[in-house]
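A.B. asks: The chain contents come next:
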Amino acid sequence: MFIAHLSNGQILKEGEGITWEKVPDGIDWLEVMTFKGEVLTLPKCEEYFFSNEDTIYIKIGEGSLSSPVTTAKIVGGIVGEKAIYIRIETNGNIKMEWKDRKDLPFTPQTYKKSKCQL
Amino acid sequence: MSIPFKVSGAGNNSTARNVYKITFSTALSSAPIYRAWDNSKTFPERDTEGSTTLKEIFTGTEGNEYKPMLSLVATTSEAPISNWKPISAVAGSANPNRLKGSVNYVTDPTTPAEGEAILFNVCLEVPFDATVPSTSSMNALLEIHYSYIGDAPTVEWYANEGTEETPVWTQLTPGVHGIKFCNANADVDDSFTYKLTLPIEGTIDDGCQIVTS
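Residue numbers (the numbering used here), protein chains in the order written: chain A, 33 to 150; chain B, 9 to 221.
Worth double-checking, as some hints may not be accurate.
Claimed, not checked - Below, computed lysine-lysine pairings styled on DSS-like, alpha-carbon distance capped at 25 Å:
(1) A:Lys134 <-> A:Lys45
(2) A:Lys45 <-> A:Lys68
(3) A:Lys127 <-> A:Lys145
(4) A:Lys76 <-> A:Lys114
(5) B:Lys75 <-> A:Lys91
(6) B:Lys203 <-> B:Lys14
(7) A:Lys134 <-> A:Lys147
(8) B:Lys63 <-> A:Lys91
(9) A:Lys134 <-> B:Lys75
(10) A:Lys91 <-> B:Lys203
(11) B:Lys203 <-> B:Lys63
(12) B:Lys14 <-> B:Lys29
(13) A:Lys147 <-> A:Lys131
(14) B:Lys203 <-> A:Lys134
(15) A:Lys134 <-> A:Lys68
FYI, nobody ran anything at the bench for these hints, they're computed from the structure.
Just need the whole structure built from these sequences, with the hints factored in.
C.D. replies: As structure tokens, this is what we get:
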């Protein structure tokens, strides 16, 4: 679950009708809650991104199609041409890595400007 | 139309685009990724890191030079060449690619918008020295990972039982329908014929793929 602190003082939490799609530009800082309940605070960045990741699978051979399962939340921020990329998995793993901005896979709508970029 | 049926255009040596289709009711935020695992535990739990592609379908045999046997081509943007099965697995993402966990996988060339779909085809290369009986060693999970920033999409998986020119998309039901690789002459009305016979030497591609219940 993300917790977006906006420059106007508003706090938007994922759930109850709030999705990342509805978060406007002007984020002051961003937090994310892991599936274990810990809260991570991202460093100040120029832009932020967030996505839910689900997985559907089919068993080949013996078995059948699954229903979609949430497998991870992906969150991060961008400074210049570098991005911090955090993958929080439902199985408890948290992976953090630096990526080049050009290697991020997301659509433009996924990126939200920080208040310093307005 | 009814299940079971043979999937139209499935396997290698096919230029079909309309083989398998997955639809998304809301827009995605990145291109879907296709991976395969031999996970023996209940998804999404996994065995210890690095031990989830140990089955023969991923390790291969001497007969196929120890290559992953399951391949996938994303056909959302264009039809593949007929002999699309890669000679070898490509590290990371490639289209097409042989599938082995997060080592060798395929990224769809598109990011579906609301109501759009992805298309793909799969094939299984079985060498003459594969383990017999091979049921367990050939079992695998084919996963599609997708991400979104709005409401979670409703995801539906279809297989084509029509033709390439006039697809008839039949939806697979979670918990009910799966896929089996069988000999080309398998009779969909006789499940005892749902088998894949090993070649005397060399390798074979799957003769047909049957959606089963």
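A.B. asks: All hints are to be evaluated individually against the structure, with a verdict given for each.
C.D. replies: These are the hints, each one checked on the structure:
1. Simply put, lysine 134 (chain A) and lysine 45 (chain A) have alpha-carbon atoms about 28 Å apart, too far for the 25 Å limit, and the pair is violated.
2. Between lysine 45 (chain A) and lysine 68 (chain A) the alpha-carbon distance is near 17 Å, which keeps this suggested pair within the 25 Å criterion.
3. Our distance criterion of 25 Å between C-alpha atoms is met by lysine 127 (chain A) and lysine 145 (chain A), whose separation comes to about 23 Å.
4. Using a Cα cut-off of 25 Å, the hinted pair lysine 76 (chain A) and lysine 114 (chain A) holds, with the two alpha carbons roughly 13 Å apart.
5. At roughly 20 Å between alpha-carbon atoms, lysine 75 (chain B) and lysine 91 (chain A) fall within 25 Å of each other, so this suggested pair holds.
6. Taking the CA atoms of lysine 203 (chain B) and lysine 14 (chain B), the gap is near 13 Å; set against the 25 Å cutoff, the hint holds.
7. Among the hinted pairs, lysine 134 (chain A) with lysine 147 (chain A) is consistent with the structure: their alpha-carbon atoms are about 22 Å apart, no more than 25 Å.
8. A C-alpha spacing of about 14 Å is found between lysine 63 (chain B) and lysine 91 (chain A), which places the hinted pair at or below 25 Å, so the restraint holds.
9. For a cut-off of 25 Å, the pair hint linking lysine 134 (chain A) to lysine 75 (chain B) is broken: about 32 Å separates their Cα positions.
10. Between the alpha carbons of lysine 91 (chain A) and lysine 203 (chain B) the distance comes to roughly 16 Å, so the proposed pair stays at or under 25 Å and holds.
11. Proximity of lysine 203 (chain B) to lysine 63 (chain B) is assessed by CA-CA distance (about 19 Å); at most 25 Å being required, the pair is judged to hold.
12. The straight-line distance between the Cα atoms of lysine 14 (chain B) and lysine 29 (chain B) is roughly 15 Å, inside the 25 Å bound, and the hint therefore holds.
13. Annotation: proposed proximity of lysine 147 (chain A) to lysine 131 (chain A) holds, straight-line Cα distance about 22 Å (limit 25 Å).
14. Restraint check for lysine 203 (chain B) and lysine 134 (chain A): the C-alpha separation of about 46 Å exceeds 25 Å, so the hint is violated.
15. Between lysine 134 (chain A) and lysine 68 (chain A) the alpha-carbon distance is near 31 Å, which puts this suggested pair outside the 25 Å criterion.
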